[in-house]
Amino acid sequence: MSSTSEPHPESEPVASSKQTPSSESGRGSNRDLLRSDRTFDFSGPKQVWQGFGQDFKELTRRDRQFDFMIQAKDLELDVSHGPILYLEGLNISFDGFKAIDELNLYVNAGELRCVIGPNGAGKTTMMDIITGKTRPDSGTAFFGQKIDLLKLSEPEIAEVGIGRKFQKPTVFEQHSVFENLELAMATDKRVFPTLFARLSGAQGDRIDEVIDIIGLQEHARFEAGTLSQGQKQWLEIGMLLIQDPHLLLVDEPVAGMTHQEMERTAELLTSLAGKHTVVVVEHDMDFVRSIAKRVTVLHQGSVLAEGSMDEVQDDPRVVEVYLGE
Amino acid sequence: MGLLQPLKGDTGGQIMLAVLAVIAILVPILNLLVPEGSPLHVSTFTVTLLGKYLTYALLAVAVDLVWGYLGILSLGHGAFFALGGYAMGMYLMRQIGDRGVYGDPVLPDFMVFLDWQQLPWFWQGFDQFWYAALMILLVPGLLAFVFGWLAFRSRVTGVYLSIITQALTYALMLAFFRNEMGFGGNNGLTDFKELLGFDLQSDGTRIGLFIASVLALALGYWACRWIVTSKLGRVAVAVRDAESRVRFIGYRVDRVKLAIWTFSAALAGMAGALYVPQVGIINPGEFSPLNSIELVFWVAIGGRATLYGAVIGAVLVNYGKTVFTGAFPEAWLFVLGGLFVLVTVFLPTGIAGLLKTLKRRRAEPKTIQEASA
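Here the protein sequences come in this chain order: E and L. For the first sequence, the numbering used here assigns the number 1 to the initial residue and increments by one for each residue that follows. For the second sequence, the numbering used here assigns the number 326 to the initial residue and increments by one for each residue that follows.
Hints are computed from structural coordinates only; laboratory data are not their basis. Check each hint, because a few of them may be wrong.
[To be verified] Not the full set, but computed from the structure, chain L residues with beta-carbon under 7 angstroms of chain E:
| id | residue |
| --- | --- |
| 1 | 554 |
| 2 | 556 |
| 3 | 557 |
| 4 | 559 |
| 5 | 562 |
| 6 | 563 |
| 7 | 566 |
| 8 | 567 |
| 9 | 570 |
| 10 | 574 |
| 11 | 575 |
| 12 | 588 |
| 13 | 683 |
| 14 | 685 |
| 15 | 688 |
[As the list claims (entries may be wrong)] Short, incomplete list of chain E residues facing chain L, as computed with Cβ under 7 angstroms:
| id | residue |
| --- | --- |
| 16 | 150 |
| 17 | 153 |
| 18 | 160 |
| 19 | 170 |
| 20 | 179 |
| 21 | 185 |
| 22 | 188 |
| 23 | 197 |
Think of the CB as a built atom: it goes at the ideal place given N, C-alpha and C, for glycine as much as any other residue.
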């Protein structure tokens, strides 16, 4: 399988090293040279060399690249057909328990999508598959039309632009809010470049910008350990944002928040949609209602219903799952 | 300006370096220029003792770098110190030449005694100072690199790592005790004559070694500060506080650890190399696990993650050791143990932490008065 195979046949492959039919015939003429009943013909070798030449040309075309030479950071995100995330026919079972069962989910670029569902519906497992933490038994997961997520490792997936906030916020408590963001920023993260790294003006501005977005201006120089639970959640979102991901996966962002903090988080996530694609997994229905345009309900590892909050709430199947019989 | 950048905001370190500069100037004057009968005279014995404390201080700084800032509690840093010491010892042995007891121009005494015919391959080159100097940094550094590469890559952390470092130094001790290893076995390396052509017994050489120790400590301190104040230093502290989170952000935690760990080991090796000519002997006892544990005490007593605290701790504890082992030799270990318990219970941030608290307390009444006025 090449990493550039696409879920939709109509899109163009970006790189291939397939041989053309003409080069096949060029190689075939090679055998003729060995025929003993043939007088030596000088046009023969010429053809052979032409055949090889075509092969060689084909292999060294500068506008193409072998699949295996392409690194994660060079993969281009292609969302020209709308969706940024394609999950198709995903299956995964743990010791016979089907955590994900024929899951199909499409998320459009720039969308703010909420995923809800009772405990054990497979929400976190789905996130794990997208971020490469767990591999499905079968099915496909594509980021844009060209990036096959099932072929990439966790850091590579982070590199192509999928960021994830975990349920429990972990920030670096001994570092200031500013330093937390500085460490998370997308830069060269190898040892020696880090040792000699100096913060450029543009980088400093970018950090200030993110601090503005997450509303922690007054706390920028405070140690992250002194922040409230809600502020830590925002800092986490900020640390995600500063890595400039295309897709943000946000797991339970309002856990442990006061009502006011929840409102601010709703504003924050809504403002991020458009420029980024945001997928929120959340239990708190009031919160989901306040932010979501489209809601996906998961149940027993597959999609039960999808639509606006009102549509979903009126769906008898959803009512049954949530309220029981 | 750029050179002073790492010391910015580090009041404790600035004071410590200033004190170092003062004694680096005063001690030689008081030793060489003030006549022996004068009460101000500093004996050569004291100079050497001070020099020894300073090499211990450098070792403590190296430990504080990995323990205080990276969260790796090394109980085997004594091994790197001893390896640096052995590298220096081998150079000093080769300098003896035919002045040894057996008078062999090439072979050190213990080899003649063991009836060896020629110099083992790993002793080659140690007659050159530049080669020995290189080995002083390279041997501990390489060992730390290989050890760290294996340990950090398989994500061995916490107590398990501490135990392995302890095992490392213990294994080296047992190995160096063996005569077949070719490092003098039980007796180690001793009876040194001269260093770079200077007589090791002369006052001038002693002063020179003392000044070299001051410079090494200042330089080592500055280098550690430079690392700690760089972005890598902030990544290191983040690794200490939330290792898996750092990995998730995209840093290669194992490489960050490996780089700082290896640097720290080379620094410890440098301290060992300065220690050996001043005390005049290196033997496998230096690898003893107890030494490595004791030096963690120094850092804990001085105050973790401050660097200058490690210097204070190392000098104070070793001064205490000199005084106590002179007065009541049996009591010293009890004193050390008691001190450690007291510090852990009442001063978890060490002496450096105590100094910071006192400074804050002194500042506080003022602000209260200002507020009420």
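Evaluation of the provided hints:
no.	hint	in the structure
1	554	11 angstroms, violated
2	556	4 angstroms, holds
3	557	4 angstroms, holds
4	559	6 angstroms, holds
5	562	6 angstroms, holds
6	563	4 angstroms, holds
7	566	5 angstroms, holds
8	567	5 angstroms, holds
9	570	5 angstroms, holds
10	574	5 angstroms, holds
11	575	5 angstroms, holds
12	588	10 angstroms, violated
13	683	22 angstroms, violated
14	685	16 angstroms, violated
15	688	19 angstroms, violated
16	150	20 angstroms, violated
17	153	12 angstroms, violated
18	160	12 angstroms, violated
19	170	5 angstroms, holds
20	179	6 angstroms, holds
21	185	9 angstroms, violated
22	188	10 angstroms, violated
23	197	4 angstroms, holds
Hint compliance for this structure: hints 1, 12, 13, 14, 15, 16, 17, 18, 21, 22 are not met, and every other hint is.
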